[in-house]
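Letter by letter, the chains look like this.
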Amino acid sequence: MKNITTLTDAIAEHIHDGDTVALEGFTHLIPFAAGHEIIRQQRRDLRLVRMTPDVIYDQMIGAGCARGLIFSWGGNPGVGSLHRFREAVDVGYPHPLAIEEHSHAGMSVRYTAGASGLPFGTMRGYLGTDITKHTATIRTIECPFTGEPLAAVAALNPDVGIIHAQQADKDGNVGFWGIQGVQKEAILASTRAIVTVEEVVDSFDSRVRVVLPSWVLSAVAVVPRGAHPSYTHGYYDRDNAYYRAWDEISRDRATFADWVRTHILETRDFADHLAMLDSSMAQV
Amino acid sequence: MKNITTLTDAIAEHIHDGDTVALEGFTHLIPFAAGHEIIRQQRRDLRLVRMTPDVIYDQMIGAGCARGLIFSWGGNPGVGSLHRFREAVDVGYPHPLAIEEHSHAGMSVRYTAGASGLPFGTMRGYLGTDITKHTATIRTIECPFTGEPLAAVAALNPDVGIIHAQQADKDGNVGFWGIQGVQKEAILASTRAIVTVEEVVDSFDSRVRVVLPSWVLSAVAVVPRGAHPSYTHGYYDRDNAYYRAWDEISRDRATFADWVRTHILETRDFADHLAMLDSSMAQV
Amino acid sequence: MTAEAINTTTATDYTTDEMMTIIASRDLNNGDVVFVGIGIPSTAANLARRTHAPDVVLIYESGTIDTKPTRAPLSIGDGELAETAVAVVSVPEIFAYWLQAGRIDVGFLGAAQLDRHGNLNTTVIGDYDHPRVRLPGAGGAPEIAIGAGRTSIVLRQSTRTFVDKLDYVTTVGHHHGSGSRAALGVRGSGPSIVITDIGILRPDPVTDELTLMSLHPGRTVEEAIAATGWPLKVASELTTTQAPSELELTALREVSAR
Amino acid sequence: MTAEAINTTTATDYTTDEMMTIIASRDLNNGDVVFVGIGIPSTAANLARRTHAPDVVLIYESGTIDTKPTRAPLSIGDGELAETAVAVVSVPEIFAYWLQAGRIDVGFLGAAQLDRHGNLNTTVIGDYDHPRVRLPGAGGAPEIAIGAGRTSIVLRQSTRTFVDKLDYVTTVGHHHGSGSRAALGVRGSGPSIVITDIGILRPDPVTDELTLMSLHPGRTVEEAIAATGWPLKVASELTTTQAPSELELTALREVSAR
Numbered sequence: 001m002k003n004i005t006t007l008t009d010a011i012a013e014h015i016h017d018g019d020t021v022a023l024e025g026f027t028h029l030i031p032f033a034a035g036h037e038i039i040r041q042q043r044r045d046l047r048l049v050r051m052t053p054d055v056i057y058d059q060m061i062g063a064g065c066a067r068g069l070i071f072s073w074g075g076n077p078g079v080g081s082l083h084r085f086r087e088a089v090d091v092g093y094p095h096p097l098a099i100e101e102h103s104h105a106g107m108s109v110r111y112t113a114g115a116s117g118l119p120f121g122t123m124r125g126y127l128g129t130d131i132t133k134h135t136a137t138i139r140t141i142e143c144p145f146t147g148e149p150l151a152a153v154a155a156l157n158p159d160v161g162i163i164h165a166q167q168a169d170k171d172g173n174v175g176f177w178g179i180q181g182v183q184k185e186a187i188l189a190s191t192r193a194i195v196t197v198e199e200v201v202d203s204f205d206s207r208v209r210v211v212l213p214s215w216v217l218s219a220v221a222v223v224p225r226g227a228h229p230s231y232t233h234g235y236y237d238r239d240n241a242y243y244r245a246w247d248e249i250s251r252d253r254a255t256f257a258d259w260v261r262t263h264i265l266e267t268r269d270f271a272d273h274l275a276m277l278d279s280s281m282a283q284v
Numbered sequence: 001m002k003n004i005t006t007l008t009d010a011i012a013e014h015i016h017d018g019d020t021v022a023l024e025g026f027t028h029l030i031p032f033a034a035g036h037e038i039i040r041q042q043r044r045d046l047r048l049v050r051m052t053p054d055v056i057y058d059q060m061i062g063a064g065c066a067r068g069l070i071f072s073w074g075g076n077p078g079v080g081s082l083h084r085f086r087e088a089v090d091v092g093y094p095h096p097l098a099i100e101e102h103s104h105a106g107m108s109v110r111y112t113a114g115a116s117g118l119p120f121g122t123m124r125g126y127l128g129t130d131i132t133k134h135t136a137t138i139r140t141i142e143c144p145f146t147g148e149p150l151a152a153v154a155a156l157n158p159d160v161g162i163i164h165a166q167q168a169d170k171d172g173n174v175g176f177w178g179i180q181g182v183q184k185e186a187i188l189a190s191t192r193a194i195v196t197v198e199e200v201v202d203s204f205d206s207r208v209r210v211v212l213p214s215w216v217l218s219a220v221a222v223v224p225r226g227a228h229p230s231y232t233h234g235y236y237d238r239d240n241a242y243y244r245a246w247d248e249i250s251r252d253r254a255t256f257a258d259w260v261r262t263h264i265l266e267t268r269d270f271a272d273h274l275a276m277l278d279s280s281m282a283q284v
Numbered sequence: 001m002t003a004e005a006i007n008t009t010t011a012t013d014y015t016t017d018e019m020m021t022i023i024a025s026r027d028l029n030n031g032d033v034v035f036v037g038i039g040i041p042s043t044a045a046n047l048a049r050r051t052h053a054p055d056v057v058l059i060y061e062s063g064t065i066d067t068k069p070t071r072a073p074l075s076i077g078d079g080e081l082a083e084t085a086v087a088v089v090s091v092p093e094i095f096a097y098w099l100q101a102g103r104i105d106v107g108f109l110g111a112a113q114l115d116r117h118g119n120l121n122t123t124v125i126g127d128y129d130h131p132r133v134r135l136p137g138a139g140g141a142p143e144i145a146i147g148a149g150r151t152s153i154v155l156r157q158s159t160r161t162f163v164d165k166l167d168y169v170t171t172v173g174h175h176h177g178s179g180s181r182a183a184l185g186v187r188g189s190g191p192s193i194v195i196t197d198i199g200i201l202r203p204d205p206v207t208d209e210l211t212l213m214s215l216h217p218g219r220t221v222e223e224a225i226a227a228t229g230w231p232l233k234v235a236s237e238l239t240t241t242q243a244p245s246e247l248e249l250t251a252l253r254e255v256s257a258r
Numbered sequence: 001m002t003a004e005a006i007n008t009t010t011a012t013d014y015t016t017d018e019m020m021t022i023i024a025s026r027d028l029n030n031g032d033v034v035f036v037g038i039g040i041p042s043t044a045a046n047l048a049r050r051t052h053a054p055d056v057v058l059i060y061e062s063g064t065i066d067t068k069p070t071r072a073p074l075s076i077g078d079g080e081l082a083e084t085a086v087a088v089v090s091v092p093e094i095f096a097y098w099l100q101a102g103r104i105d106v107g108f109l110g111a112a113q114l115d116r117h118g119n120l121n122t123t124v125i126g127d128y129d130h131p132r133v134r135l136p137g138a139g140g141a142p143e144i145a146i147g148a149g150r151t152s153i154v155l156r157q158s159t160r161t162f163v164d165k166l167d168y169v170t171t172v173g174h175h176h177g178s179g180s181r182a183a184l185g186v187r188g189s190g191p192s193i194v195i196t197d198i199g200i201l202r203p204d205p206v207t208d209e210l211t212l213m214s215l216h217p218g219r220t221v222e223e224a225i226a227a228t229g230w231p232l233k234v235a236s237e238l239t240t241t242q243a244p245s246e247l248e249l250t251a252l253r254e255v256s257a258r
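Chains as they are written, first to last, in the working numbering: chain E, 1 to 284; chain L, 1 to 284; chain G, 1 to 258; chain Z, 1 to 258.
Note that these hints are calculated values from the structure, not bench results.
All residues carry an ideal CB built from backbone N, CA and C; glycine is no exception.
Hints may be right or wrong, so weigh each one.
[What the hints assert, rightly or not] Simulated pairs of lysine-lysine, DSS-like, Cα-Cα distance not exceeding 30 Å:
(1) Z:Lys165 to L:Lys133
(2) L:Lys170 to G:Lys68
(3) G:Lys233 to L:Lys2
(4) E:Lys170 to Z:Lys233
(5) Z:Lys233 to Z:Lys165
(6) G:Lys165 to E:Lys133
(7) E:Lys2 to E:Lys133
(8) L:Lys133 to L:Lys2
(9) E:Lys2 to Z:Lys233
[Stated by the list, open to error] Distance ranges between label pairs, derived from CB positions:
(10) E:Asn240 to G:Asp127: 32 to 38 Å
(11) L:Asp269 to E:Gly78: 50 to 56 Å
(12) Z:Gly185 to L:His134: 36 to 42 Å
(13) L:Ser206 to G:Asp127: 34 to 40 Å
(14) E:Asp171 to L:His134: 55 to 61 Å
(15) G:Ser236 to L:Asp171: 33 to 39 Å
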């Protein structure tokens with residue numbers, strides 16, 4: 001249990017201003033609680049990494065945590081644009097945001113290379129596009145056997161990888177199931193790793209499909225509903241109303257700032273935040 | 001169920017003289033029944049691929065099925081040498097055997113590249129060894145970002161991949177669990193794929209961890225104990241006595257030939273072979 | 001009304017989205033392995049599975065293989081996709097072992113902008129460094145476009161979307177046309193169909209230029225030309241798209257219901 | 001006899017294999033992540049876990065991570081390894097995400113031939129194309145040797161095994177010595193210990209040449225020199241290996257019992 005701690009302590013200890021930080025979770029298991037704690041502790045100048053920077057990164061970017069973003073698809077799925085992300089890119093508010101764009105396949109190859117201890121990964125990708133013109137971490141490589149040109153992408157090795165999972169066992173091993181995304185690779189590619197879990201169990205649910213041993217995890221923190229408003233398979237569903245409501249909240253600077261202050265900065269922790277949402281008529 | 005057939009028909013239809021054929025299974029789930037059926041149907045000039053050519057390939061090589069072998073470790077685990085393999089390499093009996101040697105890591109990268117539709121894979125490997133001097137499918141590649149030299153290995157794409165698994169469902173999807181080896185990659189890297197299973201079930205056991213959908217499998221055949229003398233997790237243990245006895249049987253050409261004739265060529269199928277073993281005092 | 005009557009009866013009361021979805025569905029063959037995104041593609045693939053193509057295989061980029069949701073999912077990572085899938089794999093695996101390896105027959109794509117050769121922009125309107133509108137970016141599209149056997153593009157037609165020149169090429173279609181796509185060394189044959197609210201376009205077999213092949217009931221060539229930012233090629237034997245049947249529409253509404 | 005007495009009492013009746021296994025076990029530190037093969041390495045790692053290093057993490061190349069078998073397994077792919085593992089992953093993953101990524105502290109290696117710099121041959125005796133003895137080949141060794149933080153080599157010493165020149169370099173140790181290993185661009189510090197039936201060798205800090213540091217009880221320098229195919233360097237302060245304690249031997253026999 002030596003790696004089991006609180007989320008407050010985990011973020012305080014392992015995330016420093018200027019770090020490259022990846023919060024992963026593909027629709028499922030998005031680590032919202034950890035993102036909020038980073039906002040709450042007011043980390044700055046982070047280079048954020050995420051295949052699908054959605055509402056969680058809109059919140060972090062809008063709250064001023066980020067100076068850079070490495071990503072492959074930035075939107076509010078099923079709803080529309082990310083207004084805080086767009087305002088950072090378009091007019092540099094609250095800070096200019098240096099973006100590095102890839103495709104989903106490219107990001108997954110970059111994480112895989114990082115998790116594998118290789119400096120680059122190879123793929124059939126990007127050919128005929130403008131992406132290579134704006135992204136320095138894509139080069140062309142020739143197959144040494146066939147001579148055919150392929151895309152090489154630089155390995156991604158964040159300082160910190162953060163995910164949410166269903167369960168930890170008493171030894172601090174972590175298990176999850178359902179849509180698994182790129183979470184394992186993000187954790188294994190990162191120098192330090194933080195995992196929030198729904199609960200600690202004596203032994204894993206039989207549905208667990210991916211297990212990360214305790215000794216590759218810097219910190220594990222129990223945060224029930226820690227992926228809300230995304231979902232945790234077997235625990236709770238996606239809060240689609242929250243995602244829809246986010247469009248209105250995030251559209252205006254002042255409304256957004258007020259929301260962040262009352263819902264994150266002035267709450268003690270994620271449980272407090274959730275209690276506020278639950279008790280609010282408007283939910284968000 | 002359109003892909004569910006008999007092993008006899010699967011081998012007859014999908015394996016041709018001269019094919020490159022990979023039978024995979026890492027200690028666990030070695031597809032002995034399929035190997036025997038290839039011997040029984042007297043396929044010739046196969047280029048065999050397998051990370052650990054153990055007793056199953058000793059039998060196939062000794063029976064004259066092979067003209068080539070791509071591998072990374074050839075021995076009878078825990079017992080000693082493979083006498084039929086060694087005699088083929090040392091003196092070309094019953095046929096000369098062209099060998100192509102890699103390491104385990106190299107073979108797994110080759111299969112992975114093959115399964116991924118890439119012409120090569122990259123790894124940190126082989127440096128400072130003589131392996132590269134004798135194996136044409138290893139080259140040096142430079143990282144286009146860091147300039148560091150790495151090993152590139154050519155993709156492996158066998159004509160046919162063959163594995164054994166615990167279960168198929170009624171739709172012909174295949175599921176297995178326990179030590180999974182390189183089986184998934186071997187199947188996905190191959191043009192055609194044959195799977196033997198212990199049984200067909202209504203729905204998979206909850207222990208199933210790897211599932212291959214029916215539409216990537218050319219043929220699925222039910223062969224109970226089809227991995228004997230290796231083991232099938234949850235079904236039967238490894239027959240260590242068989243592996244030990246193999247040393248004596250395979251040491252002498254005539255003893256071997258007699259064993260192959262009585263135990264494989266003159267048996268109808270693997271069930272018949274197993275019945276003979278079970279009723280025999282000496283077991284093998 | 002008998003089942004047969006439903007099957008053959010032409011519906012009259014349907015939305016443009018329903019029309020586009022039904023055409024996308026018809027375009028799939030039984031047994032096709034389809035890489036689907038959320039929205040019309042997902043609904044279309046599920047509709048095909050419930051109607052003329054029961055053995056269509058659905059793969060979502062979230063890593064769910066051979067899913068059989070009872071309803072078209074709301075998001076690409078819906079729990080139901082995992083629960084009804086034959087296999088759930090990681091995102092790196094879905095792109096490497098399944099898409100890149102050439103196991104996908106049809107990929108669906110959408111875009112903010114499309115050019116006459118079916119190249120797509122989902123990244124930015126205006127200058128990349130000083131965008132007029134920042135869009136979500138590439139997602140899975142660049143590799144779907146060169147990994148799938150062919151692609152099906154669903155996109156409403158207007159001079160804003162059908163442009164003479166893309167502001168940014170996110171995803172390659174037929175490149176510069178006339179076989180130049182193949183010369184890039186990419187796989188697959190590229191966009192085989194573009195389904196709009198006005199009609200259906202397909203690439204010319206020689207020049208690869210998108211050509212209007214069919215008009216939806218009640219739409220005109222003039223409308224199509226006016227909604228296209230380049231001089232639109234029109235097939236000499238322009239047909240009228242078959243309107244949705246009652247059967248198709250009923251099945252679609254069942255699939256879409258939430 | 002009290003537990004303490006067992007702990008400190010020197011055993012007298014033990015086999016050479018037991019001695020070698022116990023030394024290999026002592027060489028592991030608590031918390032080490034160890035990549036183990038079958039035989040002495042596996043037994044040694046399990047012994048360490050049962051004695052002085054309860055938090056040693058065992059990884060087998062068959063893909064079982066953090067296994068806790070009750071007995072040393074018979075084969076690298078034993079079912080018990082999967083059943084007692086924290087995680088079971090594929091062979092490609094174990095080599096890429098775990099070994100190559102640098103997550104292993106100690107790798108065990110054996111060989112048919114070893115040279116003075118700890119390079120190893122497990123491929124062939126004689127000419128490659130016309131071998132005198134064909135050996136199993138590389139297996140996991142080449143990448144264990146350059147992926148693990150350091151390696152521990154267990155090998156009986158004789159002029160057949162300790163040779164002046166390898167017939168074939170399957171696995172790199174300290175290469176040509178004097179820091180040339182690092183110049184290859186490989187990871188890890190290479191062989192830190194060679195455990196034989198006669199004594200213990202370690203690389204010289206400057207030349208990387210294997211040097212006899214310790215003799216097992218009852219063995220002599222002359223024996224060691226006679227069993228080495230090159231002029232063996234002997235440490236100026238040669239020690240005697242501590243004989244197995246009763247505690248170690250009892251634990252070892254429990255681990256080995258089948």
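Now for the hints, and whether the structure bears them out:
no.: 1; hint: Z:Lys165 to L:Lys133; verdict: 17 Å, holds
no.: 2; hint: L:Lys170 to G:Lys68; verdict: 16 Å, holds
no.: 3; hint: G:Lys233 to L:Lys2; verdict: 45 Å, violated
no.: 4; hint: E:Lys170 to Z:Lys233; verdict: 50 Å, violated
no.: 5; hint: Z:Lys233 to Z:Lys165; verdict: 16 Å, holds
no.: 6; hint: G:Lys165 to E:Lys133; verdict: 17 Å, holds
no.: 7; hint: E:Lys2 to E:Lys133; verdict: 46 Å, violated
no.: 8; hint: L:Lys133 to L:Lys2; verdict: 46 Å, violated
no.: 9; hint: E:Lys2 to Z:Lys233; verdict: 45 Å, violated
no.: 10; hint: E:Asn240 to G:Asp127: 32 to 38 Å; verdict: 35 Å, holds
no.: 11; hint: L:Asp269 to E:Gly78: 50 to 56 Å; verdict: 54 Å, holds
no.: 12; hint: Z:Gly185 to L:His134: 36 to 42 Å; verdict: 22 Å, violated
no.: 13; hint: L:Ser206 to G:Asp127: 34 to 40 Å; verdict: 55 Å, violated
no.: 14; hint: E:Asp171 to L:His134: 55 to 61 Å; verdict: 45 Å, violated
no.: 15; hint: G:Ser236 to L:Asp171: 33 to 39 Å; verdict: 46 Å, violated
Comparing the model with each numbered hint stated earlier shows that hints 3, 4, 7, 8, 9, 12, 13, 14 and 15 do not hold.
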